[in-house]
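Colleague: Turn these sequences into a full structure, and let the hints guide you.
For the sequence shown, the working numbering assigns the number 141 to the initial residue and increments by one for each residue that follows.
Don't read these hints as lab results, they were simulated from the structure.
C-beta: ideal position from N, C-alpha, C; glycine also.
One should not assume that every hint holds.
Said to hold, decoys possible - Straight-line distance between alpha carbons at most 20 Å, and here's what the computed EDC-like set of lysine to aspartate or glutamate pairs gives:
id: 1; residue 1: Lys-223; residue 2: Asp-186
id: 2; residue 1: Lys-223; residue 2: Glu-278
id: 3; residue 1: Lys-223; residue 2: Asp-175
id: 4; residue 1: Lys-574; residue 2: Asp-546
id: 5; residue 1: Lys-574; residue 2: Asp-442
id: 6; residue 1: Lys-165; residue 2: Asp-175
id: 7; residue 1: Lys-574; residue 2: Glu-439
What the hints assert, rightly or not - Listed next, with one range per pair, are the computed distances between beta-carbon atoms:
id: 8; residue 1: Lys-223; residue 2: Pro-588; range: 55 to 65 Å
id: 9; residue 1: Leu-542; residue 2: Lys-165; range: 40 to 50 Å
id: 10; residue 1: Glu-264; residue 2: Leu-171; range: 27 to 37 Å
id: 11; residue 1: Asn-142; residue 2: Pro-435; range: 51 to 61 Å
id: 12; residue 1: Asp-592; residue 2: Asp-383; range: 18 to 28 Å
id: 13; residue 1: Leu-325; residue 2: Arg-143; range: 53 to 63 Å
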Amino acid sequence: RNRYGPIRLIVHGAGVLEDRLIRDKTPEQFLRVFDTKVAGLHNVLDAADPAELRHIVLFSSVSARFGNAGQSDYAMANEVLNKTAHRLAAHMPGCRVTSINWGPWDGGMVTPSLRREFSKRGVELIPLESGAEAMVDEMLAADPAEEVVIGAPIRQAGPAVQTPEEARTGHPQASAALSLAFEHLLDVERHPFLRSHIIGGRPVLPLAITLEWLAHAALHANPGLVFHGVEDMRVLRAATVEDAGLRLELAVGRPRRDNGTFAVETLLRSAGEGARTPGYASATVLLGQPNAGGPSAPEWHDLIDRAYPRTIDEAYEEQLFHGPHFRTIQEIRGLSDRGIVARVSGAPAPREWMREPLRGAWIADPLMIDAAFQLAILWCREVMNAPCLPSFVARYRQYASLMPRDGATCIFAVREAGRSRVRADVHFISPDGKLAAELTGFEGTIDPLLADAFRRSANPAAAY
Numbered sequence: 141r142n143r144y145g146p147i148r149l150i151v152h153g154a155g156v157l158e159d160r161l162i163r164d165k166t167p168e169q170f171l172r173v174f175d176t177k178v179a180g181l182h183n184v185l186d187a188a189d190p191a192e193l194r195h196i197v198l199f200s201s202v203s204a205r206f207g208n209a210g211q212s213d214y215a216m217a218n219e220v221l222n223k224t225a226h227r228l229a230a231h232m233p234g235c236r237v238t239s240i241n242w243g244p245w246d247g248g249m250v251t252p253s254l255r256r257e258f259s260k261r262g263v264e265l266i267p268l269e270s271g272a273e274a275m276v277d278e279m280l281a282a283d284p285a286e287e288v289v290i291g292a293p294i295r296q297a298g299p300a301v302q303t304p305e306e307a308r309t310g311h312p313q314a315s316a317a318l319s320l321a322f323e324h325l326l327d328v329e330r331h332p333f334l335r336s337h338i339i340g341g342r343p344v345l346p347l348a349i350t351l352e353w354l355a356h357a358a359l360h361a362n363p364g365l366v367f368h369g370v371e372d373m374r375v376l377r378a379a380t381v382e383d384a385g386l387r388l389e390l391a392v393g394r395p396r397r398d399n400g401t402f403a404v405e406t407l408l409r410s411a412g413e414g415a416r417t418p419g420y421a422s423a424t425v426l427l428g429q430p431n432a433g434g435p436s437a438p439e440w441h442d443l444i445d446r447a448y449p450r451t452i453d454e455a456y457e458e459q460l461f462h463g464p465h466f467r468t469i470q471e472i473r474g475l476s477d478r479g480i481v482a483r484v485s486g487a488p489a490p491r492e493w494m495r496e497p498l499r500g501a502w503i504a505d506p507l508m509i510d511a512a513f514q515l516a517i518l519w520c521r522e523v524m525n526a527p528c529l530p531s532f533v534a535r536y537r538q539y540a541s542l543m544p545r546d547g548a549t550c551i552f553a554v555r556e557a558g559r560s561r562v563r564a565d566v567h568f569i570s571p572d573g574k575l576a577a578e579l580t581g582f583e584g585t586i587d588p589l590l591a592d593a594f595r596r597s598a599n600p601a602a603a604y
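Modeller: As structure tokens, then:
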């Protein structure tokens, strides 16, 4: 310190490997791997003055997040680093602490034989210069996080499940098999928002939540990328929740490059169903680097020519089936035979909608997206004299990294409408006038019989 001054930055990158299955691993091998990471970190921290530190960067591994065969000790040690980062950040407000869960680098501990093995598995290595730049970017990020994942998990071969094409056609495909991302038990007790989405007397998983979970599955399998949107999202059948709950599988395909983004096929289905049983929904999720912004927001005042004839309360009580969780419409600016415009609110934190959320923050905003489907119902009931439900979304693009917390103006612009179908584009404009997201090629199925199902949903207690 006398010679070089105070220590401002610690980068803890020590690590060794002793890859063996648990039954073949000795206590000495375990301690060598574990202590190099954990004891090494404590030794470095003990030698530093916490008051002088401005940055602490811990080199963790994707094995801590996803696991890897033969690396139980390495995964445990790196997860200790992750949790230590959270603890240090809470107790050292003047120091930025980041634990980076790295995928494999193209160098260092990756030997030529490991490089060949990663190539067989389709795992891309992180170039040395790119890794260094990513670390600096995290250190300088305006919105820091204590734990980040950079790179892909070291995947083992996963179980093949039904692809979206198989779900639509009923014919198995020889390629493009999906692997299981995760399972999730859907029930009313853990997901109270379902009490606000009852159709025909039974809770039904909203399409907006389905979109959120398919996006999560794609991101979960491809860490380091961000959500851009979805394409070709299809409702295959209603995900109706019975008293015992519904165990869901979310499956993903391998990412493929598509015009600067990565396209990931996803499927939501019931666990344990046969290969020929259709899933509940499918979509291609688009991932990539952070968005640079979107196109200009469209003008909407010429879209409307008259006032909506009901109050918001009347709309929810007489025209819609949505309960308190989904009461997003704050004001209807007006409508015409060509569309409807409303001011809508954003969703609260996921923990207010479900007991064990998959994430601490929404990827999109299910309440705003559901607002588009609600406006479709209101427009169809006023203009087509029958309600509708969403069946297809050709394209959803999200230009904002986070949807506006203060709500948005939702523009539902009709392309065409017939006796049984409505097609429209939907735009979400943030309070600052920017286009936050757009949903193009929406299709809703118009059916007069839905009016009776909506009326049966007016009394949620009828479902129990």
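Colleague: Of the numbered hints stated earlier in the document, which are not met by this structure?
Modeller: none
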